[in-house]
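Trainee: Respectively, the protein sequence lines represent chains A and B. Residue numbers 1 to 298, in my numbering, belong to the letters of the first sequence in order. Residue numbers 1001 to 1299, in my numbering, belong to the letters of the second sequence in order.
By construction, these hints were calculated from the structure, which means they are not laboratory data. All C-beta atoms in this analysis are idealised placements derived from N, C-alpha and C, irrespective of residue type, glycine included. It is possible that some hints are incorrect.
Stated by the list, open to error - Covered, in the sense of this in silico footprint (three residues per stretch, anywhere, with C-beta under 8 Å from a C-beta of chain A), are these stretches of chain B:
id: 1; stretch: 1089-1098
id: 2; stretch: 1144-1152
id: 3; stretch: 1192-1202
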Amino acid sequence: MTAMAAPREAPDLREPKGWRRSKNRIMTVLMVLAFVLTIIPLGFVLFTVIAKGASIISWQFLTGSPIPPNVLPAGFGGMWPAVLGTLLITGLATLMAVPLGVLGAIYLNEYGGRNWLSALIGFMSDVMTGVPSIVMGLFIFSIWVLHFGYSGLAGAFALGCLMLPVVIRSSYEMLRLVPDPLREASYALGATKARVTMTVVLPAALGGIVSGALLAIARAAGETAPLLFTILTVTTANPNVFSGANTSLPSQIFSNASQPYTGAQDRGWGAALTLIAICFILMIAARIVTARFTRYSR
Amino acid sequence: MEQSEQNIVAQTETTTELPKPAALQDTRPADAPVRDTSGASVFESKNVSIYYSSFRAVTDVSLNIYENEITAFIGPSGCGKTTVLRTLNRMNDLVPGARVEGDVHYRGASLYAPGVSPISVRRRIGMVFQKPNPFPKSIYDNVAYGPRINGIRNRGKLDEIVERSLRQAALWDEVKNRLNKSGLGLSGGQAQRLCIARTLAVEPDVVLMDEPCSALDPIATGRIEDLMHEIKLQYTIVIVTHNMQQATRVSDRTAFYSVLRDEKSDTRTGVLVEYGRTAQIFEDPQDSRTQAYVTGRMG
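Next up, chain A with everything else stripped away, as it sits in the complex:
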């Protein structure tokens, strides 16, 4: 054996030259290119917002109130009304949309099965994803604002309507990924369906559900259109979300950016950076919290 009987040539185990190898190279280059192309606009947006907004942001900018008139240069007043409005309205919308959306997804995947009702709900929720956000604003305007006036609550309704289908769809997909053997293991111990869902299925899908909810929240936090007809844009802080006009960072960015005054435009950039920072902090916080609950999943 060790003598290697005949001096047979060792097999060539290298990747053969030719089309397969070229294909591999082309695809690798395309993937890197796609990645770079995705990063470029993202990088530019972030860079521009930081470059123009970083100098505006200060403790006073974040907590000061009211939002000064457009003609005043940066340094007066602050964005607190908009920061507060965004936190309250998005928070309220989250409280409405996330539990409802997750429960809806649980119904679709765990209870509805393939009956006509769950098929209908699933289809309608997908259709709802495609509704332009301004239509949601007009919808809430006509059924709520016309009767009860502008309020943070109306804005939260509009944002909630936007978030709901996203939460339903993403949660549904996550619940579908929970392997059936886990459910069976729980059933075999004498668990009821509700308990199987609450103690096994939901925890197993939690990471993905949180991701989906975060996407929905981030999208809602950055929406302007649905708020135009529901909260108006005011310059003083209104901590009461249930009545009275309110404001939000996106609305403020919109109104400031359309001004000819540099002071207003600067404050617009500052508000944009503030919004990005809020979303960023929210994402990190949610990840940390979820990691605690899903630490056994790997």
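Knowing the structure of chain A, use the given hints to seat chain B on it.
Mentor: Structure of chain B alone, referenced to chain A:
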């Protein structure tokens, strides 16, 4: 046990051990008392047929399963042995379109009578699955899951149950220092023993095992077989296995299932071919199909 061998064989031969499956149910009156010194019968299945939608997966299975025994279900793939096993704790209820005809009595109570809650059934009749399926929770929480759904909240009581169950499953020494680590971090054999511990934690009356060792290496398999021998003093065990050596090693009785093909309608269905003492099934099978299977000429 030893001295009862004789009359059990005699009894089973006169009652259930007839060559043709069709004759199985007819020879014994439906209400014939089951006399068996090794224990009372835990399950009495009578003419059970199981359908998945319009497909009849299993036809006319009748058999008794006895207390504190290990009963093995063997047979080729697709013969319905797992399906029959799953009728014993109503797991088939979870399969959309599954339907059971005939009846299964568990200690005298019908499992399929109206008003019977599958939840109550499964609290008495636990199941271990083919692939180890620990929850993505800590080892402790995996074992405590069953007791908790039965309302046990007291930490001291739970600790006690967790330790007892893990000891019964011969896993305690390996995991006692990492009870709060994830159950998913265990090896295949450990994970399966964790699943057994989880089942034992609710102190079921019966443990159903669906090919519990098929994903395990021989050493892990050996441990689980030892474990089965130990726990059968307290539990009644039904095991589905593809491994005939395993059936001979662990079981007291063996049921051989096979696939019956109908050439005319091109349909197939699972049937119980022969059921009896394990030694008799393997050494002196009465049916030619059983003989072909256990000697390795088929399946």
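Trainee: Quick one: see if chain A covers the stretch 1192-1202 of chain B, three-plus residues with Cβ-Cβ under 8 Å.
Mentor: Held - the stretch 1192-1202 of chain B has 4 residues with a Cβ nearer than 8 Å to chain A, which meets the minimum of three.
Trainee: Count the residues of the stretch 1144-1152 of chain B whose CB lies closer than 8 Å to any CB of chain A, then report whether that count reaches three.
Mentor: Result for this restraint: holds, n = 4.
Trainee: Given as covered by chain A, does the stretch 1089-1098 of chain B meet the bar of three residues or more with CB within less than 8 Å?
Mentor: holds (count 4)
Checked against the numbered hints given earlier, this structure breaks none of them.
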